[in-house]
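If you read the sequences in order, they're chains A, B, C and D. The first sequence begins at 1 in my numbering and counts up by one. The second sequence begins at 303 in my numbering and counts up by one. The third sequence begins at 605 in my numbering and counts up by one. The fourth sequence begins at 907 in my numbering and counts up by one.
Derived by calculation from the structure, the hints in this document are not laboratory data. Possibly wrong hints are sitting among the right ones.
The calculated lysine-lysine pairs, modelled on DSS-like cross-linking and capped at a C-alpha distance of 27 Å, are [unchecked claim]:
#  : chain 1 : residue 1 : chain 2 : residue 2
1  : B       : Lys383    : A       : Lys279
2  : C       : Lys685    : C       : Lys658
3  : A       : Lys209    : A       : Lys44
4  : C       : Lys615    : C       : Lys813
5  : C       : Lys648    : C       : Lys677
6  : D       : Lys1185   : C       : Lys685
7  : A       : Lys81     : B       : Lys383
8  : D       : Lys960    : D       : Lys950
9  : C       : Lys883    : D       : Lys1052
10 : A       : Lys209    : B       : Lys511
11 : C       : Lys813    : D       : Lys1115
12 : D       : Lys1052   : D       : Lys979
Ranges of calculated distance between the beta carbons of each label pair, as one might list FRET restraints [stated by the list, open to error]:
#  : chain 1 : residue 1 : chain 2 : residue 2 : range
13 : B       : Asp475    : A       : Asp23     : 33 to 41 Å
14 : D       : Asp1082   : A       : Gly102    : 29 to 37 Å
15 : D       : Arg1030   : A       : Tyr100    : 52 to 60 Å
16 : A       : Gly102    : B       : Glu320    : 24 to 32 Å
Where is the CB? At the ideal position from N, CA and C, for every residue including glycine.
Number of protein chains: 4
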Amino acid sequence: MNSILKRIYEKVLPLVGEGNVADYIPALASVNPNQFGIAIYSNKGECYTIGDAKTPFSIQSISKVFSLTLAMKHYGEGMWKRVGREPSGLPFNSLVQLEYEGGVPRNPFINAGAIVVSDMNQTRFATPHYAMREFVRRLSGNPNIKTDKVVADSEYEHRSRNAAMAYLMKSFDNFDNDVEDVLHNYFSNCALRMNCVDLAKAFGFLANKGYCMINNEQVVSEQQARQINALMATSGLYDEAGTFAYMVGLPGKSGVGGGIVAIVPNQFSICVWSPCLNKVGNSLAGVAALEALSSEIGWSVF
Amino acid sequence: MNSILKRIYEKVLPLVGEGNVADYIPALASVNPNQFGIAIYSNKGECYTIGDAKTPFSIQSISKVFSLTLAMKHYGEGMWKRVGREPSGLPFNSLVQLEYEGGVPRNPFINAGAIVVSDMNQTRFATPHYAMREFVRRLSGNPNIKTDKVVADSEYEHRSRNAAMAYLMKSFDNFDNDVEDVLHNYFSNCALRMNCVDLAKAFGFLANKGYCMINNEQVVSEQQARQINALMATSGLYDEAGTFAYMVGLPGKSGVGGGIVAIVPNQFSICVWSPCLNKVGNSLAGVAALEALSSEIGWSVF
Amino acid sequence: MNSILKRIYEKVLPLVGEGNVADYIPALASVNPNQFGIAIYSNKGECYTIGDAKTPFSIQSISKVFSLTLAMKHYGEGMWKRVGREPSGLPFNSLVQLEYEGGVPRNPFINAGAIVVSDMNQTRFATPHYAMREFVRRLSGNPNIKTDKVVADSEYEHRSRNAAMAYLMKSFDNFDNDVEDVLHNYFSNCALRMNCVDLAKAFGFLANKGYCMINNEQVVSEQQARQINALMATSGLYDEAGTFAYMVGLPGKSGVGGGIVAIVPNQFSICVWSPCLNKVGNSLAGVAALEALSSEIGWSVF
Amino acid sequence: MNSILKRIYEKVLPLVGEGNVADYIPALASVNPNQFGIAIYSNKGECYTIGDAKTPFSIQSISKVFSLTLAMKHYGEGMWKRVGREPSGLPFNSLVQLEYEGGVPRNPFINAGAIVVSDMNQTRFATPHYAMREFVRRLSGNPNIKTDKVVADSEYEHRSRNAAMAYLMKSFDNFDNDVEDVLHNYFSNCALRMNCVDLAKAFGFLANKGYCMINNEQVVSEQQARQINALMATSGLYDEAGTFAYMVGLPGKSGVGGGIVAIVPNQFSICVWSPCLNKVGNSLAGVAALEALSSEIGWSVF
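Turn these sequences into a full structure, and let the hints guide you.
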């Protein structure tokens, strides 16, 4: 594995720096674009790394999988009356579809869907962001995972579009808590800083029938783990999910911080990271690395 | 396998007849709704059946996978400049998205996408429908597969909406041949009559790394077989693809004739059939049977 | 005029009570539906009334004309970079169009447009709602016009959809002030209570080349008065503006409180009121009364 | 009037040639862009002209008013169940709205609306285009008005988008005749060649209570004439109708051949022509000329 990892790292390295760093808030725009790391965590507990695998970055939308997991643990199948399970076919922050479909977001990985999931977690937890941070610390075995308050505050300051979505859902009676409270927690979750190793480990339960080896916990049932993977496979990479399935063939979830996690069911959880994004908002080098890895090792689930 | 099949057949039987038979053309509306069959074809060449597995039915949109396969064999990656690989997030016959996205359909399994694929095959074959019929006869080993001319003619007569899509694509310069010619062949492909056994066998190559055991032919490369499966997984069940991935976890493709094919990669190809459809146009009992099968045997790829 | 008014009043009376009172907030839902009044104010200063012409009601969207007038006085042609002058072709509270057109509302009479106009007035006035109330008191000569605080508060409480629009515009940088502040003032303007006589008089300047006879003031230029009338003619009656032009042929503006004002250029300003609304949100009896009046007297401007 | 006309002609002349000639078919693209003419026809039978007022040009969408007039004469109010009377808020050739609104076009002046009106006329007349040509010859008193067959054939060859609309309406059961037949006649109507004088005279009945002085015929009732004017006022200038009402204040109808007709009710019918178009498809110099004329003479109906 280490030699494959090295070969792929070197193959993809020339792409690092191509594309553009997310720049909608200053705190993200200032990241050094020439970083690239990979971590692969096996169901046997081995962790393979290369490059900047231990440099923390802003996990952003990858947090949506953790939020979903917390909501599924608590609400089970009941949660699906408030959010769909279908790919959206539109940019992640579109309001058009939300209006046509009566305030029920298409899936938990577009912004509107993640916000309504945050609203569910808001109802359940006294301090939702601390619950979330505690959760990812346990899953990854790293008690030092931090929230980047500068990023969280800056996201909140630029919240207009997400606020528009939240209010639109509220106008359709699909929102229970105070919009501002939910957005604060939502942005704090996005602003968690983790490195590739943290994320590969934290996602280990999805490659391992719902069981987290780090803290010996059945996080969700085996079936739920497969269901979360299915949702990632159809909706995890913004408006590139179909192409990612076609090229890589693995469930995955990306964030505008440049991280992408992917699951090889029953075998591995992977995190790649490189800050520059392609046109749809996925890490350009990250996608290339996952394509190369999957093709080399024959990992496609299909 | 036979006993599992029997158990699931009996479990699902009470649902047969629920929902509604497709009625947009008379030839489909008159089918007996109380039919239900399953065929499972293994990579070892075994075929397990139950119920009406040998009654032919109109394959309808399942033909889109065969059209795509023929186009991929000939055009390779070049075909993707004319059709996308992303889920659509809208009904299968919507023109809205086609207009916003400049006449390039989102994927080959919505109507517009299958029509543009038919346009590609029209350019390539002198008699496209006969080429297609010959192809499915070879894949299934059944030389008696017929085209239902009454259905084909009736579809053509009710072609307005599909004609609108074809002309809209033509207005965006994404159409090479005569609209009427392409529609004739497209509808003839949809009007092929096959039974569950035919379809399970004909889809065998997708469970078997692209190799068809029936006529010992490498139909497409292993990678292409996985890619076709990936496209089915993200876009194969109309606006229910995400839920199907969540519930069943297998690549699949449905048709309004009530058939659904599904692939267990490296193991089985499956065809279920029951004419009554749920609200999004998928066989109600067929989806239930695949849910039960997948859950019982633990077939989810995720 | 009095006899015509009487004849039309009696002709329309059987329609009063048909349709439905606006019920999205309790304060509006509780109004007595069986009320009906008309006031016609001539450029010679005569005022003809019949029915409940002196019963105050919630002017709602009619306030959008006053807001626009205040903004045009101050910003002149410069205001049109922030809001368009085209009919919308969609319901008054749609976000779809706002998203496609980059946060610039189509005209000042849909909600988004009126909110952005309120944002302009917020920038200009220290206490925007008091400035507005003072303005309509002066225009109508009635110093007792009040704001219905119960209605304003209830609208604010149910602000979600309007808040969504405001935040969406803010996300496109077409919003200068605090969203909550602007909405407070916007709803207070909608909650002004005026009767038919007040409104007919207050709109007199639009029938009189921009000149208000009540307080001898050139409110806007003659050209601006014609321009405001033109905007009412193309966009003043929600998604019924074209039919209103076809049937009535006069510039007009309606509100969900059941009031409609109309202008006979160079001659009359009219206010009709009856609380029950037709399907698109215009007073059912009010529209009928204006059709009858216009047809009887030959008032169509076309 | 002649001196005003001269002053405005000279004022606008520098704009002639700005913008772009319609180029979607070669026959239109080859027109000399530096042409500019105005004709004003009074209810007293006087005709004032300047510039290229006697050079024939392709009337294009101006023909939609003639088609509508023929349909209203025959079908009366019954026609409005097949086409609406509301502004569209979208480009003239959009299919989006047509799909959302179930195949009923918003008004008779967008392409879909004019095509459905042509379908009505197809039902009524044995040779619809000849009936139309005869109609405009009578209205203008010019028996030599010709159809430009090269333009008509070229439009037909590039019919894809209009064909898509027609088939989409057919799919919603809002189309009675053969799509190809109707399109042939529709394009022939668009391809009529008339000059400014022809058009000013032919539109005289709309300024004159429905009465045509040329051939002493009550073309439509006075009320219908006002209704046609109302429809032009709200929907006659593509996605610039609101701005045209704001700036010019007259009912008008434009065509991509560069012609614009406008009505001063009870006084004048006007035709301006200059081939170069602004961004929304209206004659750039033509709009400027009408703004100047209306403002100079105080013609706004508002």
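Verification of the hints:
{"no.": "1", "hint": "B:Lys383 with A:Lys279", "result": "17 Å, holds"}
{"no.": "2", "hint": "C:Lys685 with C:Lys658", "result": "39 Å, violated"}
{"no.": "3", "hint": "A:Lys209 with A:Lys44", "result": "13 Å, holds"}
{"no.": "4", "hint": "C:Lys615 with C:Lys813", "result": "32 Å, violated"}
{"no.": "5", "hint": "C:Lys648 with C:Lys677", "result": "25 Å, holds"}
{"no.": "6", "hint": "D:Lys1185 with C:Lys685", "result": "17 Å, holds"}
{"no.": "7", "hint": "A:Lys81 with B:Lys383", "result": "37 Å, violated"}
{"no.": "8", "hint": "D:Lys960 with D:Lys950", "result": "20 Å, holds"}
{"no.": "9", "hint": "C:Lys883 with D:Lys1052", "result": "46 Å, violated"}
{"no.": "10", "hint": "A:Lys209 with B:Lys511", "result": "26 Å, holds"}
{"no.": "11", "hint": "C:Lys813 with D:Lys1115", "result": "26 Å, holds"}
{"no.": "12", "hint": "D:Lys1052 with D:Lys979", "result": "24 Å, holds"}
{"no.": "13", "hint": "B:Asp475 with A:Asp23: 33 to 41 Å", "result": "35 Å, holds"}
{"no.": "14", "hint": "D:Asp1082 with A:Gly102: 29 to 37 Å", "result": "35 Å, holds"}
{"no.": "15", "hint": "D:Arg1030 with A:Tyr100: 52 to 60 Å", "result": "38 Å, violated"}
{"no.": "16", "hint": "A:Gly102 with B:Glu320: 24 to 32 Å", "result": "25 Å, holds"}
Figure legend: structure checked against the earlier numbered hints; hints not met, in rising order: 2, 4, 7, 9 and 15.
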